[in-house]
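Listed here are the chains, written in short residue letters.
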Amino acid sequence: MSKEYRLSGARYVIRHDDELYPQSLRRAPRAPERLYVVGNPEALQPGLAVIGARKATPYGRGCAHRFAKLAAEKGICIISGGARGCDAESHRAALEARGLTVAFLGGGCDKLYPKGNASLFQQIIDAGGAIVSEHHWDREPRPYMFRERNRLIAGLADAVLIVEAGLPSGTFSTADEALEMGKEVLVVPGAITSESSHGSNRLLYQGAIPIVDDESFEDALFTVLGMLKRQTAGKTPAIATDDPILSAVLACPASYEELYELARAQFGAHAREKLVEVIAEAEMDGIIARQPDGKWGPSAQLVASQR
Amino acid sequence: MAGRSVVAGAVLRGVQAQLVEVEVVISRGIPAFNIVGMADTSVQESKERVKAALKESGFQMPADRVLVNLAPSNLRKTGSGFDLAIAVGLLLATGQVDPRIVEHALLVGELSLDGYVRSVPGLLAYAMCARDLGLRFVCAESPDGLVPIDGLRAKGLKSLRDLRTGGFAELVYAQPDYAKPRNDYADISGNEMGKRAMQIAAAGGHGILMMGPPGSGKTMLASRLPTIMPNLDADEMLSSALVHSVAGEPLAGLLAGIRPFRSPHHSASSAGLLGGGNPVRPGEVALAHCGILYLDEVAEFKPSVLQQLRQPLEDGCVRISRADGTIAFPACFMLIASSNPCPCGYFGDAEKECSCTWQKVKDYQNRIGGPLMDRIDMHIDVKRVAPGEVIGQKEGASSAELMEGVLAGREYASWRKERYGEGGDSRDVISSCRLGQSEERFFEKAAEKNSMSGRAIVRTLSVARTIADIAQKPAVGKAELCEALTLRVRSGSAL
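If you read the protein sequences in the order shown, they are chains Z and E.
Just so you know, we're using numbering that gives the first Met the number 0 here: the first sequence kicks off at 0 and counts up by one.
Just so you know, we're using numbering that gives the first Met the number 0 here: the second sequence kicks off at 0 and counts up by one.
Looking at chain Z on its own, in the form it has when it is part of the complex (with noise of 0.2 Å):
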């Protein structure tokens, strides 16, 4: 068992009628009695919730990135969950930003979950953000209060973006959250053959904002947030390809057997030779990515790059 990590920083507990509790947060159901924040206490703003799953494909991860880190380089206040793959990655992309990052945690800010994000954790106290629980210092983190500090993520939040959800997940229920309480809810569509976007495309088809690129996405911080839209947004540049196979593993993750069969409808005897260069270049090149499962993506470098 290691140490348990104490974050350092100054400390606060911000009691409903304070005046920094967060005006948003009263109306949230349920609004807790007390806020037991590491850092600083005025990074509690309305700001864009970004989350998504933590078992994350390096698309969801490099859509967190990207998005985060545009929003927070206009200065909006990037709130998360603090937790592994999304989460985590769009915490990153605001201190990239030198921007405002809040992290909801489910447990007591002294029984920092996951671990592993500890020094995350204090970044983003180091860098004028605040960590904030509901809980005492001291009170465990339990699987069911990730769910209650969903409603809080998406409370605080002026609107939610979700990266990649999938169905059921904690991801897809704070988005429930937002929309009870009147939140905004934008979501990145994915490929529907991808499991880990079955809750995303779920959420677009029920009327959620798709953020489709880059214009797209400050079309949205524009209207729901009243961002000025920045007028040198570049589109996005697509990964000029003409080649089957590199195009059909950008649209949908692919494992190594149905890239063979492709490949070997396209070139026929010479079908492997042809497949692994291209795999490998494009792999070299940062372009896809292997992920977790063995299947071949694209790479989180190249979906957080497109702007």
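If you are wondering where the hints come from, they were derived from the structure by calculation, not from laboratory data.
Where a beta carbon is used, it is the ideal one built from N, C-alpha and C, also for glycine.
Beta-carbon label-pair distances, calculated as ranges:
#: 1; chain 1: Z; residue 1: 143; chain 2: E; residue 2: 447; range: 40 to 48 Å
#: 2; chain 1: E; residue 1: 470; chain 2: Z; residue 2: 143; range: 52 to 60 Å
#: 3; chain 1: Z; residue 1: 215; chain 2: E; residue 2: 358; range: 30 to 38 Å
Got chain Z; can you put chain E on it based on the hints?
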């Protein structure tokens, strides 16, 4: 009645038999039957069998003091193989049998109560001992676990009765099992890249890790490996048969040249996997000598047991140290490991949803790494094949087609090694690739981009070299490098 005799017996130590002189002395006194010379219980029990067998065969058991000494007496004797030597020694000492018929003979066999001779495990080791000492070898008439070896003068003895006439029989050896293996890679449809990886592994003897959900055909891919490997040559067959003989395993497949395929269950203990027990018995790694060791569900093996696999993997033999010395078994094998991607098995599966938490998946995949990763050169993902593909019976590569490539690759590799004196160390691997300038630049860039370690670079190059061997190309080109890169072992930090 007083008398004395000496006959030759032997005791097994690992896969080697050591000569034991069986001295029998009969002297006057109160009737007794004693065996001395560090004989354990199984040898002590032979007294009763010898007594009964002598009587049944119509010989006399002397009503005097019988003392049997097994020399050298500092060596622990075990097993029922001394029955025959003790019985014959008794018969010689009492003058019931002509000593000439067992002159210069090593006797090994267990006796049944009616005097018939049975085989004991490890006959091949005893026979080799007899041959090396220039002795004749006498054992049961149709011995289990014995194969013909050059320079051995061996005879069979059916029953003690036949000693009266000196009627030894010719040995009836076990017949090789030439039955065509029922397994064929053509049975597997839709896993062509997996089959290709198996071909490369078989050609270069590379260790391979397969990851995929339950029912994706990992075991099918692995168990068909012997069908694409070249047959055992005479030396390999003998050294592998020796281990199987000592372990009491059937030899018919080996005699036909089929390489052993061992797949120990993940509950295997370290004694079962590496050898152990008393007397020391060869474990699965020794039985896989010259063949394939398949560790299914490798993450479920006890980490301490896997840790112990390191030494045999590095040295090609397994050493078991005991208070009375060290025993070595040959253990030169190809390692195939497979694993589910996560505890529930369905992480990344197209249809079933994975029920594991992220941390669990990560922990599980980390368990696979560890000690064995040093010896695994390739990592493939095996996907479940859609029912349509299985029923549709699309034609895929068959074992015969794959074997062509394996044989071509092995032939070229041995020619190349002989011609250029290339060994297996990392510098030789790199120089044997003969990378051109543009290939070198390409590979350097790939290694940098994928942050490969030095070891990963060498292993990727050795796989690329094997791929070029299959195509019988003197130099590794870009195509081979690309294929090797897609098969490389990925670091656990991919998660």
